[in-house]
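Following the hints, complete the assembly by docking chain B onto the known chain A.
Residue numbers (our numbering), protein chains in the order written: chain A, 1 to 246; chain B, 247 to 358.
Some hints here could point you the wrong way.
Stated by the list, open to error - Computed from the model, here is a short list of chain B residues facing chain A with C-beta under 7 Å:
id, residue
1, A309
2, Y324
3, L325
4, E329
Read the hints as simulated data drawn from the structure, not as lab findings. Using N, Cα and C, we set each Cβ at its ideal position, and we do this for glycine too.
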Amino acid sequence: MGKLTNLNPPVALTTSDMPSAMATDAELAAAFNAHLEATDPHGQYLLPSEADAKYWQKNAAFFTSVSFPPASVTGNSIALSWNSVQPGQGIAEFCNFAGLGGGDAFNFFRMQGNATSPPSISNRVGRIDVVGAYVQVSDRRLKSHFSPAPGLEAVMALKPLKYTHWACSGFDEKKQSLTAGKFFALKIGFLAQDVQEVIPEAVPIPVSKEEPLGIDYNCLLACAIAAIQELQEQINKLRSQLNTKA
Amino acid sequence: MGLVNLNPSNVAVNIAEDIRSSDAVTAVNATATSSAALSANPLRAGYSIYNAGSTTVYVRESATVTATLYKHPIPPGYLFESEFTSSRYTGAISVITASGTSSLMVSESTIA
Numbered sequence: 001m002g003k004l005t006n007l008n009p010p011v012a013l014t015t016s017d018m019p020s021a022m023a024t025d026a027e028l029a030a031a032f033n034a035h036l037e038a039t040d041p042h043g044q045y046l047l048p049s050e051a052d053a054k055y056w057q058k059n060a061a062f063f064t065s066v067s068f069p070p071a072s073v074t075g076n077s078i079a080l081s082w083n084s085v086q087p088g089q090g091i092a093e094f095c096n097f098a099g100l101g102g103g104d105a106f107n108f109f110r111m112q113g114n115a116t117s118p119p120s121i122s123n124r125v126g127r128i129d130v131v132g133a134y135v136q137v138s139d140r141r142l143k144s145h146f147s148p149a150p151g152l153e154a155v156m157a158l159k160p161l162k163y164t165h166w167a168c169s170g171f172d173e174k175k176q177s178l179t180a181g182k183f184f185a186l187k188i189g190f191l192a193q194d195v196q197e198v199i200p201e202a203v204p205i206p207v208s209k210e211e212p213l214g215i216d217y218n219c220l221l222a223c224a225i226a227a228i229q230e231l232q233e234q235i236n237k238l239r240s241q242l243n244t245k246a
Numbered sequence: 247m248g249l250v251n252l253n254p255s256n257v258a259v260n261i262a263e264d265i266r267s268s269d270a271v272t273a274v275n276a277t278a279t280s281s282a283a284l285s286a287n288p289l290r291a292g293y294s295i296y297n298a299g300s301t302t303v304y305v306r307e308s309a310t311v312t313a314t315l316y317k318h319p320i321p322p323g324y325l326f327e328s329e330f331t332s333s334r335y336t337g338a339i340s341v342i343t344a345s346g347t348s349s350l351m352v353s354e355s356t357i358a
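Here chain A stands alone, though its shape is the one from the complex:
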């Protein structure tokens, strides 16, 4: 036997070259549209039959006003949820197949208007950059009513702790308390209730007693920097007094 080599120049692939098991952009868009236009109630997810079992897509943006399950007791919010229990360890993974693009890994928006509008860059509230750093919106043009942040006094009132932090398994109605699950991580930080007394701006107000409190650690960072500045001022005063006596 000999060797047969194709010396023809590569040919640009067209839609007709795609395997029949792979959906084209047009086919996927048509499937989405048909799904959205289906009479309510209809499934939360695109059914395999609606997409002809073709889920591959590229350069696709999917905006929907489909009703998702509520994320809180107050309603008017949505939860995107899926079963990540089996197989694996229940880890939800978010993948941005960016290809050769140099953009952020992920962008997060809080939008006005209807759900079919594409996101506007002015409405971005945060992003995860190409190396995983979370960058929060902090533009001066969106801030007003300025006053100095709490400094050394507030920092001295905080109680840094080392603790075992348990995952929450639910809310106990009888005890009116959150129930710790069986998974935990060793952490160093603060108790939201403690921080709330000292720097209430750092603890967002919960929507119900069933909601675990959280801490905006960026607030604490600003207070810590203010405290450092106060300390430096005290050092400078002491130095000045020493120099005067000398």
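Same frame as chain A, now just chain B:
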């Protein structure tokens, strides 16, 4: 007990590298009638056939070939290279198309 000859061998071993001449390239048209792309050559070291035309060509290591009885097809734009093995094929190589004509670049290398 075995008897072993420990004397040095007196048999001369001649190790020589095979040298081939530069390729001889000829343009050949394959048609719907069998024709010889290469005639028999006892010095042939190897050969290749590039189908520069637009019609599939059928090849056979024989004096004749048909479009239904052949060794392998060569699609347009493909290069066929004979495999270099310890045994060389030195006979005639025939080509044919199912219909129409296709131009071939036939290369043959010979032992120097």
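Outcome of the hint check:
1. A309: violated (19 Å)
2. Y324: holds (5 Å)
3. L325: holds (5 Å)
4. E329: holds (5 Å)
Going down the numbered hints, you'll see the structure goes against just number 1.
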